[in-house]
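Chains A and B, in that order, give the protein sequences. With my numbering, letter number 97 in the first sequence gets 97, and the count goes up by one each step, no holes. Whatever position you read off the second sequence (first residue = 1), add 1000 for my numbering.
In case anyone wonders, no lab produced these hints; they're calculated from the structure. Computed from a predicted structure; not experimentally measured. Accuracy of the hints is not assured; some may be wrong.
To be verified - Computed spacing ranges between beta-carbons, pair by pair:
#1 A/Ser9 - B/Asn1070: 36 to 44 Å
#2 B/Gly1003 - A/Asp93: 23 to 31 Å
#3 B/Gly1003 - A/Met59: 18 to 26 Å
#4 A/Lys52 - B/Gly1042: 37 to 45 Å
#5 B/Arg1077 - A/Lys69: 21 to 29 Å
#6 B/Pro1061 - A/Thr5: 20 to 28 Å
To be verified - Heads up, simulated DSBU-like pairs for lysine-lysine below, C-alpha to C-alpha not over 35 Å straight-line:
#7 A/Lys3 - A/Lys69
#8 A/Lys52 - B/Lys1009
#9 B/Lys1071 - A/Lys69
#10 A/Lys3 - B/Lys1057
#11 B/Lys1057 - A/Lys69
#12 A/Lys69 - A/Lys52
#13 A/Lys97 - A/Lys3
#14 A/Lys3 - A/Lys52
#15 B/Lys1071 - B/Lys1009
#16 B/Lys1071 - B/Lys1014
#17 A/Lys69 - B/Lys1014
#18 B/Lys1014 - A/Lys97
#19 A/Lys69 - A/Lys97
#20 A/Lys69 - B/Lys1009
#21 B/Lys1014 - A/Lys52
#22 B/Lys1071 - B/Lys1057
#23 B/Lys1057 - A/Lys97
#24 A/Lys97 - A/Lys52
#25 B/Lys1057 - B/Lys1009
#26 B/Lys1057 - B/Lys1014
Claimed, not checked - Away from chain B, derived, C-beta distances all over 10 Å, residues of chain A:
#27 Arg16
#28 Thr72
#29 Asp93
#30 Lys97
Just so you know, even glycine gets a beta-carbon here, dropped at the ideal spot from N, CA and C.
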Amino acid sequence: DAKTTQPPSMDCAEGRAANLPCNHSTISGNEYVYWYRQIHSQGPQYIIHGLKNNETNEMASLIITEDRKSSTLILPHATLRDTAVYYCIAIMDSSYKLIFGSGTRLLVRP
Amino acid sequence: NAGVTQTPKFQVLKTGQSMTLQCAQDMNHNSMYWYRQDPGMGLRLIYYSASEGTTDKGEVPNGYNVSRLNKREFSLRLESAAPSQTSVYFCASSEWSLYGYTFGSGTRLTVV
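One chain only, chain A, in its complex shape:
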């Protein structure tokens, strides 16, 4: 699995978009980018994943650069409940074991 690099912490104002970057410069062609988040000592929760096209669901959008060496998770209108640690994981879809890094701690300010 490719190594990912994320900033240790970020903050944003409530109601604004939160843009969380992830670097995965060694990602291979068959590795997906997955995002999970962990809200205050609960178990992690799946957010979104993608291969090379941008993806959107009810929780977030995922923008993957054309060279696939980095991606950005976008929470379009952050709320206080989005305060959490966000994990970016590059992994082959045929794998079945998630390996978490240290993630980005996002603080949403009132």
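Following the hints, complete the assembly by docking chain B onto the known chain A.
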């Protein structure tokens, strides 16, 4: 409610004691996992079971043993607890998909 159930939720052990953490899922998932999370750190995979009857080591297996008792249950055993094993332990299950992980609420273990 369907999900992953872990017991106990809290436990304090003395160094050298043994104990088993229990995990059960009722979603008919094939794969189950044990993670640990130290304060301020990400989750680290201890052991996993891709399917009933199989178990494999993860990133940090030393000091632990696991048993996949049946498709529903996956237990984690500490034979001789050490203070370094003080952590929150999460069990998870999935059905062959990386987006379908379901986590339990965790077991907070303190070894003194």
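Pair hint A/Lys69 and A/Lys97, alpha-carbon separation not exceeding 35 Å: holds (22 Å)
Take a look at whether the Cβ-Cβ distance between B/Gly1003 and A/Met59 falls inside 18 to 26 Å. With Cβ atoms ~19 Å apart, the hint holds.
Taking only the CA atoms, is the gap from A/Lys97 to A/Lys3 under or equal to 35 Å? Judged against 35 Å, a Cα distance of about 15 Å means the pair holds.
Do the beta carbons of B/Arg1077 and A/Lys69 sit within 21 to 29 Å of each other? violated (42 Å)
Given the hinted pair A/Lys52 and B/Lys1009, is their alpha-carbon gap at most 35 Å? violated (40 Å)
So does A/Ser9 sit 36 to 44 Å from B/Asn1070, Cβ to Cβ? Hint holds: Cβ distance 42 Å, inside 36 to 44 Å.
Would you check the hint for B/Lys1057 and B/Lys1014, treating anything up to 35 Å between C-alpha atoms as holding? Roughly 25 Å between the alpha carbons, so the hint for B/Lys1057 and B/Lys1014 holds.
So if I understand the rule, the pair passes when the alpha-carbon distance is 35 Å or less; does B/Lys1071 with A/Lys69 pass? violated (38 Å)
For the pair supplied as a hint, A/Lys97 and A/Lys52, confirm whether the alpha-carbon distance does not exceed 35 Å. holds (21 Å)
For A/Lys69 and B/Lys1009, compute the direct alpha-carbon distance and say whether it is at most 35 Å. violated (40 Å)
Satisfaction of the hinted span 37 to 45 Å by the C-beta atoms belonging to A/Lys52 and B/Gly1042: Given range 37 to 45 Å: violated, Cβ gap about 26 Å.
Does A/Lys69 pair with A/Lys52 here, judged by a C-alpha cut-off of 35 Å? At roughly 10 Å apart (the allowed maximum being 35 Å), A/Lys52 and A/Lys69 satisfy the hint.
The structure shown violates the earlier hints numbered 4, 5, 8, 9, 17, 20, 21, 29 and 30.
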